[in-house]
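**Q** The residues making up each chain are set out below.
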Amino acid sequence: MLKNYLKTAIQVLRRRKFFTFISLFGVSLTLVVLMVATAVFDQILGPQLPEIHADRTLGVYSLEMRGAEIISDSDASYWFLDRYVRTLPDIEKVTIFSQAARSATYLDGEKFELYFKRTDGAFWQVYGFDFLEGGPFLAEDDANAEKVAVINETTRRQLYGGSKALGRMLEIDGQRLKIKGVVRDVSFLRQDPFSDVWAPISAARSDTHLRPAVLGSHTGVILARHRGDFPAIKRAFQARLAEVELPEGYDELSGEANTHFERFSRVMSSNQERTVASPWRLRFAIGLAMVLFMILPSLNLVNINVSRILERASEIGVRKAFGASSWTLVGQFVVENVLLTLIGGGIAFVLSGGVLSLLNGVELIPYATFQLNFRVFVYGLLLAVIFGLISGVYPAWKMSRLHPVTALRRRSL
Amino acid sequence: MIQLRAVEKVYRTDRIETIALSNVNLEIRSGEFVSIMGPSGCGKSTLLNLMGLLDVPSEGTVSLAGESVVSYSDRQLSRLRNRRLGFVFQTFHLIADLSVVDNVEIPLLYRRMSGSERRRLALAALERVGLSSRVHHFPAQLSGGQQQRVAIARAIVGEPDVLLADEPTGNLDSSMGDEVMAILHDLNSSAGTTIVMVTHDERLAGQTGRILRLFDGRQVN
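Protein chains in written order, with the working numbering: chain A, 3 to 415; chain B, 19 to 239.
Next comes chain A alone, as it looks inside the complex (with noise of 0.2 Å):
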C-alpha cells in the first residue's frame, strides 16, 4: 500500500511543477533555519571533543548568598570548591578552574590577546584533549606550582608560525611559562574547557584563590562514576552548602550542581533565577518556538495543498468507490505530505551545509566548527517529519471528507 502512496504521490509532484516548487521552496527555506539553529545547538550542547565525559559531569557554576539585607551571587571559589565539592563522597573525580580571561602576551615586540584560564591536574583527565605536541601538566605538576603550560593549535601557529612549540616559553598572565603541550582547538562555546592557554592554579602570582571565601570566580566540574549518581551527589553537595560557615550579615547559600544541559538552560533563564535549573521548561520552549517558526509555511502549505483537492476530487472518489475509508485516505495524503516535507528536508539539509560553512567562514565565535553530523540530521529528518504532519493532517482531513458521488462527478484526476 505505501508503494502505491508514493508512486502516486512522486506522479501528483511531476504533474504540478510549479506547485510542487513553491511548496518545496517554504518547506526548505524553513527547514534550513531550523537545521542551523539545531546544528548550532549541537555545537553547544551536543557530544564532542574535549568534554569525551559530559554525560558523567555536574558542574558547579554559582552560589548566591542570602542575608536579610544583602544578596550576592558569583562563581563559587576556589578554597569552597576545593574544601567542599573536592571531598564529596562516592565521585570520580573533582577539578577547579577559573573561567577563561583575556591577557596579553607579547613575542618580539608584537602584543597578542590570548584567553587564559588556570586549571588543576584533574582538569585533563576530565577532559579529554587531543595533543598535537607533548602533554598535559598533572597534578604534581599543580602541587609543585610548575611554571608551565599547554597552549592551543591557532595559538602555536600565531606565535611560532606553526613550527614545534614544546619547550618554548610563553609570556603571559606577568609569568613565564614553559609550554609544556599544544591542544587541538576547542570552540568557544564549549567555555569549560575553552581556552587558548591553560596553567596551573598553583603557579598563579597571588594565592588569593586560597583565602576562604564562598564566591569567587572559579569553577568545579564533578566526574560521576556514573550517572546513575547524579542524584546522590547533588543531594550531598545540598548537604555540604548547609555545613558552610557564611559571613555575617548571610544566613543562606544556594547553588546546584548541573548537568551540562542543566547548565545551558540556567544561563538562558532569568536574572531572578539564575541558581535553579529548569531544562525542561527550556526544552519546551525551543521546542515550541521551533513548531512556532513552523507554523506559518505550514499554513502556506495547507493552503496549497487544499487548493489541489478539487485537482485530486475523482481519485478521491474512486478510492472511496472500491473501499477506502476517510481514515485510510487521511493516512495516504498525509504520507504524501511527509515525503514532500521529506524531500524537502533532504534540500535543506543540502543548502544548510553551504550556510553553515559560510558561518564557519567568518570565524564569529571562536574556533566553533558548525557542522551537519548524524544527529543534526536525525533531528531534521524529524523536523521534517514534524512539519509534514502540521501541515498535512487538515488537508488530508478535508479531502478524506468528499461525498464519493460528488467527488466522482469531478472528471479531472
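Keep in mind the hints are simulated off the structure, nothing from the lab.
These numbers were taken from a predicted model, which means no experiment stands behind them.
For glycine and all other residues, C-beta sits at the position ideal for the given N, C-alpha and C.
Please note that the accuracy of each hint is not assured.
To be verified - To spell it out: a stretch of chain A is covered by chain B in this simulated footprint if at least three of its residues, at any positions, have a beta carbon under 8 Å from a beta carbon of chain B; those stretches are:
| id | region |
| --- | --- |
| 1 | 5 to 18 |
| 2 | 313 to 325 |
| 3 | 328 to 339 |
| 4 | 404 to 410 |
What the hints assert, rightly or not - Cβ pair distances, simulated, as ranges:
| id | chain 1 | residue 1 | chain 2 | residue 2 | range |
| --- | --- | --- | --- | --- | --- |
| 5 | B | 148 | A | 352 | 47 to 53 Å |
| 6 | A | 353 | B | 91 | 42 to 48 Å |
| 7 | B | 203 | A | 310 | 54 to 60 Å |
| 8 | B | 37 | A | 353 | 56 to 62 Å |
| 9 | A | 21 | B | 133 | 26 to 32 Å |
| 10 | B | 91 | A | 269 | 33 to 39 Å |
Start from chain A and add chain B according to the hints.
**A** Positioned in the frame of chain A, the structure of chain B alone reads:
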C-alpha cells in the same frame, strides 16, 4: 442480493427541493444481469449510487445480501464496498498517475494481502480482459475501449458479488462498446457475477436479463 424498499432520495438546498427518486422498490437477485433505463435526469445514476453504497437514501432501506446497511458506519460501508461491490464508470475514472496494473490493484490495497499476491491477481484480471500486454502503460497511452477494459479489470480484481456499471459503453464507439459488453456477459455467465448496468442504449439493454425503467424518479412497469 440487493433490495431497495420504499426508497426516496431528495436533494435539498436552501431554496429548492429536488426529488431524485420516489418510492422505489426493487430486488436484484444473485447472478442476474439487469439494466436500468430512462431519460437523462430520471435518477438512474442516483439509483446505482444507492445500490453501490456510495450514497444513502433520504427515506427507505437498502439491503445487501439480506443486511440493511442504513445504520452502517463509514468504515463498515467501505469494507462492504471493497468485498462485495465493483464499479465501472462511464468516464473510466482511472488514476492518470498510476500505471495500468497499479490502477487495477487499487481495490486490493484495502485488503490484507501481500504485494506479490496483489500483483498476481491484478495481472490475472488484466489477462481476463485481454490487456496483458499493456500492464505498464499509463491510461493516457490507451484507447477508450482499452481504458474501459482496465476499469473492468479493476472492478473484478477483488471478485465482487455485484458489478455496478454506469453507462460503461457511453464514451465508446459501437465496436468498442460491443467488446465491453462481451466481457460483461462473460463475467455474468462464467463467474456468476451479478451485474447492474445503467444504459441509454435499447440494443444493449435488450441483451440483459431484465430491464428496469425509470421516469422522473419513479419506477415504470
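**Q** Range hint 54 to 60 Å: satisfied by the CB atoms of residue 203(B) and residue 310(A)?
**A** Roughly 40 Å apart at Cβ, these two residues miss the hinted range, so it is violated.
**Q** For residue 21(A) and residue 133(B), compare the CB-CB distance with the range 26 to 32 Å and indicate the outcome.
**A** 30 Å, holds
**Q** Residue count check for the region 313 to 325 of chain A against chain B: does it reach three with CB-CB under 8 Å?
**A** holds (count 9)
**Q** Given the hint of 42 to 48 Å, is the C-beta distance from residue 353(A) to residue 91(B) inside that range or not?
**A** 46 Å, holds
**Q** For the region 5 to 18 of chain A, do at least 3 residues have a Cβ located nearer than 8 Å to some Cβ of chain B?
**A** holds (count 7)
**Q** Are residue 37(B) and residue 353(A) spaced within 56 to 62 Å by their CB atoms?
**A** 60 Å, holds
**Q** Apply the coverage criterion to the region 404 to 410 of chain A and chain B: a residue qualifies when its Cβ sits closer than 8 Å to a Cβ of the chain, and three qualifying residues are needed.
**A** This one holds; 4 residues, not fewer than the three required, reach chain B with a Cβ under 8 Å.
**Q** Has the region 328 to 339 of chain A got at least three residues whose CB is nearer than 8 Å to a CB belonging to chain B?
**A** Coverage by chain B holds for the region 328 to 339 of chain A (3 residues, Cβ < 8 Å).
**Q** Could you say whether the range 33 to 39 Å given as a hint is met by the Cβ separation of residue 91(B) and residue 269(A)?
**A** 54 Å, violated
**Q** Honestly, do residue 148(B) and residue 352(A) meet the 47 to 53 Å range at C-beta?
**A** 48 Å, holds
In this structure, the hints that do not hold are numbers 7 and 10, in rising order.
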